[in-house]
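Asks: Sequence:
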Amino acid sequence: MGGRISREQLVTSRRLRKEPSLRKKMNGDFMFPPPEETIRPGDYAIVTWDLETTDRHFDDLICQIGAFCPGHNTFNQYVLPTKVINHEAAGKIHLQVVVHEGRRVLIDTVTRQILESVEEQLALQRFMGWLYSAKGNHAGVVLISHSTIKLDVPVLLQALARHKLEAKFFELVIGFGDSFGPFSMEMRGQFPVLSLQSLYTAIVGPRAEQHDAASDAEAVYRLLETAFGSPLSLNIPQLQRYCYTPRVMAYYVEWKRRLIEKAKQMKPLVAHITNWKVAGGIKWDLLTIGYDYSTLTFRYQTLGEERFVAELRYQMHWKKQNDICYLTHTSEIDAETIVQGVLQHFRNLGAERMPLQQPVYQYQVAN
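Numbering follows the UniProt record's numbering, in which position 101 of the sequence shown is assigned residue number 101; successive positions increment by one, without gaps.
Since the hints were made in silico from the structure, they are not lab data.
Where hints are given, some of them may not hold.
As the list claims (entries may be wrong) - Here are the simulated lysine to aspartate or glutamate pairs, EDC-like style, with alpha carbons at most 16 Å apart:
1) Lys92 - Asp108
2) Lys83 - Asp59
3) Lys83 - Glu36
4) Lys320 - Glu305
5) Lys83 - Asp55
6) Lys164 - Glu119
7) Lys135 - Glu171
8) Lys320 - Glu332
9) Lys92 - Asp212
10) Lys83 - Asp43
11) Lys150 - Glu218
12) Lys320 - Glu186
13) Lys150 - Glu209
14) Lys277 - Glu332
Keep in mind the model is a prediction, meaning the values are calculated, not measured.
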């Protein structure tokens with residue numbers, strides 16, 4: 001069923017700051033978690049995509065854009081970033097920036113061949129041209145990737161902003177989906193590992209492991225098509241539930257960026273925990289429900305240990321038991337491990353004897 005997209009659906013990341021309900025959520029140092037605003041079912045072109053980037057951070061630069069849509073040639077564009085690729089990332093994606101005959105080039109580190117690459121702006125413009133073709137007579141394009149909201153969407157949104165391409169881009173793209181969502185939230189018990197490679201092998205069949213944006217983009221489509229037994233559309237509920245509007249993705253990126261900054265302040269809290277995965281999970285779970293370091297310290301000092309533990313235990317158990325929001329989904333670390341980890345830190349610190357400090361960032365805990 002064709003048709004035009006409503007004004008509510010055609011939102012850009014730039015409109016986020018003009019949206020009253022979301023603007024109120026960003027108040028100084030405090031941000032409420034992002035709402036689960038999903039795209040309604042409709043006649044959209046489903047495009048699976050992937051990026052290769054210079055590292056694994058929000059502020060990465062793009063090295064390769066890949067996209068797949070049945071009936072169209074696979075999109076594959078290498079991008080020459082303005083900085084070298086992180087050594088660990090280069091080892092996985094087999095790309096690196098080197099100087100050859102006095103000019104910077106992008107090479108395949110396995111074959112040592114120079115790859116045809118372009119600057120970021122031209123790469124994005126070519127991507128948009130390909131998306132226009134893929135859109136055809138559909139009402140818009142939905143971009144779906146695996147674990148996309150953690151890295152690819154933030155990197156893409158920032159790249160579009162650098163070149164003032166957001167408005168044109170969101171004339172085509174009405175939202176972003178994450179193929180990791182249905183597997184992690186609804187089918188977790190069926191698969192021990194949820195990486196693209198592992199899921200593809202389990203559901204579709206053997207596949208040579210690759211870190212290539214174009215190949216991975218097609219793999220995402222084939223994985224979902226096989227898992228749900230039909231060509232992709234937002235009429236598949238398990239897919240639609242994890243496809244979000246651009247304004248929510250833009251808000252999510254800003255929310256996550258602030259949490260990343262606050263995570264740096266949380267290092268002392270988990271310094272006594274030797275398992276780095278557990279330490280990282282504790283930090284993020286606490287931040288996700290609104291507890292940063294200053295808030296934890298303030299609550300511990302003002303409530304006393306017994307009441308503080310009761311409050312924190314209640315908050316963590318409630319979140320873990322009612323954790324149905326994918327964008328703010330917590331780790332698999334049990335609530336009691338988190339509570340005891342926090343308690344041990346404050347006992348070691350003797351925080352009850354420290355001068356009382358009002359936190360900059362407070363979370364309104366449930367009564």
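Asks: Kindly indicate which numbered hints from before are broken by the structure, ordering the numbers from low to high.
Replies: Structure breaks hints 3, 4, 10, 11, 13.
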